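*Asks:* Here is what each chain is made of, one letter per residue.
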Amino acid sequence: MAIDEAILRNGQVHEGVPTVRFYGWVRPSVTVGYFQDIVKEVDLGFCSAQNIDVVRRPTGGKAVYHDADVTYSVVARERDEGFSSDITETYRVISACLLKGLGKLGIEAALVEEGRKHLASTGEAFCFSVPFKNELLLKGGKVCGSAQMRSQGLFLQHGSILIDLDLNRVAQVMAGGAEMIELMRRSVTALNNHAAHPVSEGRLVSALRQAFEDEMGVSVCDGTLTASECALKDSLLAEKYTTNRWNMEGKG
Amino acid sequence: MAAFPDDLLYTREHTWARVEDTIVTIGITDYAQENLGEIVSIELYPVDSSVKQGEPFGVIESDKASAELISPVSGDIINVNDDLYDDVGILECDHYDTGWMIAVDVRDLSELDNLLDSEEYEDFISQDVGED
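Protein sequences appear in the order of chains A and B. Note that this note's numbering has the first sequence beginning at 10, numbered continuously upward. Note that this note's numbering has the second sequence beginning at 85, numbered continuously upward.
The following block holds chain A by itself, in its conformation from the complex (with noise of 0.2 Å):
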């Protein structure tokens, strides 16, 4: 998280290029979107207890379990080439990419038409349950769920491609039970429930990757954080994303 904001930070002051990443995360964790009220959201004894960190984003939106995930982020300016101010083309835009990547490695997956309204009952705070316009279902199932921030002419756009799934697992983490889980069996998928060949986090990147140059006709190079991102980055993981203000109670 705090990669993903120093990128966008960055961007607010000093002349950048756009930006995608791709990442895994060193144990088990959870994301929350900013608004969320984390102590009825997610079950942080159980987390406490499996070693799961707990992290608040700077994206809104509901609860992530990342585990065995991809999870992207697209930084760029509202007027970089290819995007505008627009949410929902910019969802649409990022999708179309994400979609030529899974299709790369024979996984047919569409986008959604038309999202669900949030259910009120078990799982709402979950993000899977809920599918927006422009995300990706497979099978019916949604297996990558995205949140957008803007802020001063950026956006930053982040979210979780589903390799595996245990259900069990994620609701365990977000304190739900049975119902839960059906909810989930119902709405929510992951890459290898339905490909011919395992997906590998190494192969999915790279195709992710292909694809994004494929879609918008650019060239993805390899980098590192510049100076001023890595001092962003230290800066906001010290004051924001390792400090219980912000995490818990959502308090920059």
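Just so you know, the hints here were simulated from the structure itself, not pulled from any lab data. Keep in mind it's a predicted model, so treat the numbers as computed, not measured. Treat the hints with care, since some could be wrong.
[As the list claims (entries may be wrong)] Calculated cross-link-like contacts (lysine to aspartate or glutamate; reagent style EDC-like; alpha-carbon spacing at most 16 Å):
1) A:142 x B:147
2) A:260 x B:152
3) A:142 x B:122
[Unchecked claim] Just a few of them, taken from the derived set where beta-carbon distance is under 10 Å, the chain B residues facing chain A:
4) 120
5) 121
6) 124
7) 125
8) 127
9) 139
10) 144
11) 147
12) 151
13) 211
14) 212
Heads up, the beta-carbon is just placed ideally off N, CA and C, and yes, glycines get one too.
Fit chain B to the given chain A structure using the hints.
*Replies:* Just chain B, lined up with the frame of chain A:
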């Protein structure tokens, strides 16, 4: 069609400013609200906070995205529309009047020269959506 009252000034970050002496009342534009969609949450800096032109004074969340609310002016917040915490839906039907967000006592009125009038804001929007 989005509406941009001509008695207001605007930022490129889609917030509006209503100027009355040194007090500037601030909210989000029609374009911002249409782009965001259904607003679900809002967080505004409290009274007595300082804000700077071009920097955030709060965060808003819709069913599509979260967005930082960018202040058109610098100064001290003297009033916050607490009604929005009771009913954030006000923003979807009346973002120029009862949907105001904060009022700021401005330190330097020359900052207003950096803002757009309604015609300039409409041109700015048109460029972004590719309209003629």
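*Asks:* For each hint, tell me whether it holds in the structure or not.
*Replies:* Results of checking the hints against the structure:
1. For the given pair, residue 142 of chain A sits about 10 Å from residue 147 of chain B by alpha-carbon distance, which is consistent with the 16 Å threshold.
2. At roughly 14 Å between alpha-carbon atoms, residue 260 of chain A and residue 152 of chain B fall within 16 Å of each other, so this suggested pair holds.
3. Under the criterion of a C-alpha separation no larger than 16 Å, the hint pairing residue 142 of chain A with residue 122 of chain B is consistent with the structure, at around 13 Å.
4. Because the smallest distance between the Cβ of residue 120 of chain B and any Cβ of chain A comes to about 7 Å, under 10 Å, the interface hint for this residue holds.
5. The restraint placing residue 121 of chain B at the interface with chain A holds, with a minimum CB-CB distance near 7 Å, inside the 10 Å limit.
6. The restraint placing residue 124 of chain B at the interface with chain A holds, with a minimum CB-CB distance near 8 Å, inside the 10 Å limit.
7. Given hint, residue 125 of chain B at the interface with chain A, holds; its Cβ is 4 Å from that chain's nearest Cβ, closer than 10 Å.
8. Annotation: residue 127 of chain B was flagged as interfacial toward chain A, and the flag holds, the nearest CB pair being 7 Å apart, inside 10 Å.
9. For the restraint placing residue 139 of chain B at the interface with chain A, the shortest Cβ-Cβ distance is roughly 8 Å, inside the 10 Å limit, so the hint holds.
10. Below 10 Å, beta-carbon pairs count as interface contacts, and residue 144 of chain B has one with chain A at about 9 Å; its hint therefore holds.
11. Satisfaction of the interface hint for residue 147 of chain B is found here, the shortest Cβ-Cβ separation to chain A being roughly 7 Å, below the 10 Å cut-off.
12. The interface hint given for residue 151 of chain B holds, since its Cβ lies 4 Å from the closest Cβ of chain A, which is under the 10 Å cut-off.
13. A distance limit of 10 Å between C-beta atoms decides the matter here; for residue 211 of chain B the minimum to chain A is near 9 Å, and the interface restraint holds.
14. At a threshold of 10 Å, the smallest CB-CB gap from residue 212 of chain B to chain A is about 5 Å, leaving the interface hint in force.
Figure legend: structure checked against the earlier numbered hints; every hint is met.
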